[in-house]
Structure formats: structure tokens, C-alpha cells
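2 protein chains.
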Amino acid sequence: MNKTIETILNHVSVRTFTDQALTENQVKQLVIAAQAASTASFQQAYSIIGVTDPELKLKIAYFAGNQPFIAEGGHFFVFCADVNRHKQMAKDLDMDITETIEGIDAALVGAIDASLAAQNMVIAAESMGLGVCYIGGVRDGIIKISELLDIPEFVFPVFGLVVGYPKKRNELKPRIPFEGIYHINRYDINKKDIVKKYDETTKLYYEEIRSQSRTWSETAIGSFKSLPRSFMKDYLNGKGWAKR
Amino acid sequence: MNKTIETILNHVSVRTFTDQALTENQVKQLVIAAQAASTASFQQAYSIIGVTDPELKLKIAYFAGNQPFIAEGGHFFVFCADVNRHKQMAKDLDMDITETIEGIDAALVGAIDASLAAQNMVIAAESMGLGVCYIGGVRDGIIKISELLDIPEFVFPVFGLVVGYPKKRNELKPRIPFEGIYHINRYDINKKDIVKKYDETTKLYYEEIRSQSRTWSETAIGSFKSLPRSFMKDYLNGKGWAKR
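Protein sequences, first through last, are from chains A and B. Position 225 of the first sequence, counted from 1, bears residue number 223 in my numbering, the numbering being contiguous throughout. Position 96 of the second sequence, counted from 1, bears residue number 94 in my numbering, the numbering being contiguous throughout.
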């Protein structure tokens, strides 16, 4: 196994960082690594906002599901889907792309581009000995956070990413077994037994590592139930996205 | 610069592969690398379909924007957003997650999870000397391709990924300059000049490398204009997704 695959397999989330800040050079290196990812039809339909203002970070940490560690150590990046620049360029080229960028597929393009870029940043950061944590909670507070970040039309924050020097790493968390995720030639809808077995593995994991009595599916389903984010459609429509 | 970052920065798409197939072991290693990525609230809301049947590959290559190389060398993976397994588990737990999984945010969760996993696979593959190409064209033919792959409700193909032994690599393509993608503390809407300058860079690039007269923005805007994928909303709704 090579070093890169080792880095990938050793990924864990980090939620406690030292006070050591990233240098400007590190930040640039991370963003450039992010930019090297593929993007859908080379649209580069994303932007990255680095939040360095301590007061702003505190506010975002609060609205992103009240996770104070976001504002503590580490550099806080917000990855955004972005076709605003395309809209600006289209105007200059006298071309009309409204039908596309108002469609739901463009929102997917932006979310995919932001995600591929972010995952590149994650691997680059971890290869440098840094720790990371994705902050999906940015979408819990997307309305307030968009105001704070001056998000214009045809941009939306997809998630945040904290990158910093780890004080403590989480343990490796077992994934759904390979056979549960991987299908051959056709989608196989009868994989519930694999997930059931995985629930036994995760039950042991949560008991031993976190002294909690729960399974993966209880956790995942519970989290889906409690976080419908039912404001998302109106929010996206308000920014021009996913209207049809 | 370490080896991993070097791999990340040297990423190019590969569209010509030798006939050498990946071994079962390589495929498993790639899927396991994909699974090591973070997933939103640890939902693991994705599945990967490996297409090995030559006839099926040919058909998909045709419907995915008529790209025959998909069916030639290399292993073809289809990355899907997937909350079907959550629906099955919720039923057993006697919990109702309809409000969440029918909402547009769940479609984003699935697309994000599939993307983070795929980008892990890309880096792992490239670190092993393999070449890759994302196939967003899978969404051009999503209706037909979903039939071919038996895609059930609450699953949708996000993109494909070909992984194989490269016969020929594309050249490194210049990205939007760092300052065009990266914002500090607030979204800066006045970055058009950077994109204009980048258009000059890409004009030279396309002239020199491909003997074509075009810029990045002409290419990107043209591709948005010609591919509105206006069937996407009905398709997604038909599979239960993004209804509200």
C-alpha cells in the first residue's frame, strides 16, 4: 500500500485543534490542491471562502449547529456552489444560460464541483499532517450564514471545512462493508442483511469507543428525521437555483 | 511537496486506456478507498455500481453522450446518490423519514457523499499509476441508464468514473487563478477581471495544445447553454427525490 492510500484509509474527523494557525502559504497550497480536481464539463462551478475574522467565525459556528470548535483552532473554509461568475461572463458574451442555471441539475453541478475540490483539499491537508472536519451544519444555518458571507444569487454554501493542527483525532469508524456499497452491473436492492450485520459491528463500536448504546442505522435514520432542512428549497429558489 | 500533493496536482483526465483490466483486488481497494471519505452526518448516502458486462457498457457509453471510450479499456464505475437503504432501515425501525428524503437537501447529501467518495477513488487510482475520467454524461442519459442499471426509488446516478491503465494522458489544464476562486471573509462579487485574464491564458492554451480558437468562458458558457438537462427535475421527482 502506498503512502497516499495509507493517508486516505487513515482519515478520521478532527474536532479539537491547537491554536497554531495555518500560514498563508499553506492556505494557498490547500486551495490550489482543491482546484486541481476535475470539475463537471470544466465548469469550475464553485468558490471557496476562507473565514479568518474571529467574530464572523463565532457567529457562523453558532448558526452551523452550534459547534464552537469551528471558531477555535484551524482555518475555516466555506465551499460554495457558484455559477454567478458564469452568469456574469454569459452577459458579456451576449448568451443566455438562464434555462440551465435555474434548473436543478446546475445546483447538482455546483455541489459536485465543490465536493470534488474539498475532498482534494482534505487529502492534501491530511498528507501534510493536518486534521480536518466537514461542517454540513453550514446548511442548517444557511440563511443566516449566507447573509453573513454576502452570498449573492447563483451561489450557495454547500458545507464548511475546518483544517488545522489536531489536538486529538477521532478513532477510525467502521464503514458499511464493501459488499453493501458495491453493486455489479445492476443495482441490487436486496442488501439489507449486510446493513443489519453492519449494525451489529457499529453497536459494538459505539459501546466500546463511546460507551453509547446505538447502531449505525438508528443514528443515521435519527439524524435524517431530526434534520429535514425543509427551508432548503425556498432558500435555493431565492438565490435563483433549482427553480425547475 | 510530498508525493500525495504531487499526485493531486498532476491530475489530468484520461480518455484512452489500454486493454489491461483492473484485477478484482484493485477494484476492491479502490472502493474501500472511496468508502474512507467523510460522509454527511455519516449517512453513507451513496452506492457504487461497477459495470463489467461489455454489452451493458456499450449501451451506457452510447446514452452517456456517445463516448465510446467508456466501453473500451478501464473499469466503469457509476456513483449513485442512495437513501434507499435508509428508507428500508427506517421501515424496520418504525420511523418515518419521508419528509427528509423527499426534500431537495437529501438529494444534495447523496450527491455530496457520492462525490467525496469518488474523489477519494480518483486520488487512490492516480497514486497507483492508473488514469481516470469522470463521466458527467451519465446524467445526459439518466433516464435510459437508470433503466439499464435497475435504479430503484431514492437512488440516482450522479456521474460515472472510468479507471484504467492510461494509453495517453491529457495535458495539465490551467485553472482559474487562485484569487478568482478564493474569497476572504465575504463573497467578493467583483472578480470578473480575474476571469477575463484567465480567458487570455486559456485562449493561448487551446490554441497551442488543441489548435482551437476559444476561451474558457466561451467553452463553459456554451456547454451550459447546450446542456440544460431540463428533464432532470421530472426524473428526480419520479424517483422520489427533490419533491420539495
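Hints may be right or wrong, so weigh each one.
If chains are identical, the list can't say which one is meant, so a pair holds when it fits in one copy or spans any two.
Under the rule of at most 20 Å between Cα atoms (straight-line distance), these lysine to any residue pairs were calculated in the SDA-like manner [stated by the list, open to error]:
1) Lys55 to Ser228
2) Lys57 to Asp17
3) Lys57 to Gly139
4) Lys26 to Lys57
Simulated from the structure, these hints should not be mistaken for lab results. Quantities reported herein were computed from a predicted structural model and do not represent experimental measurements.
Of all the hints given earlier, name the ones this structure violates by number, lowest first. 1, 4
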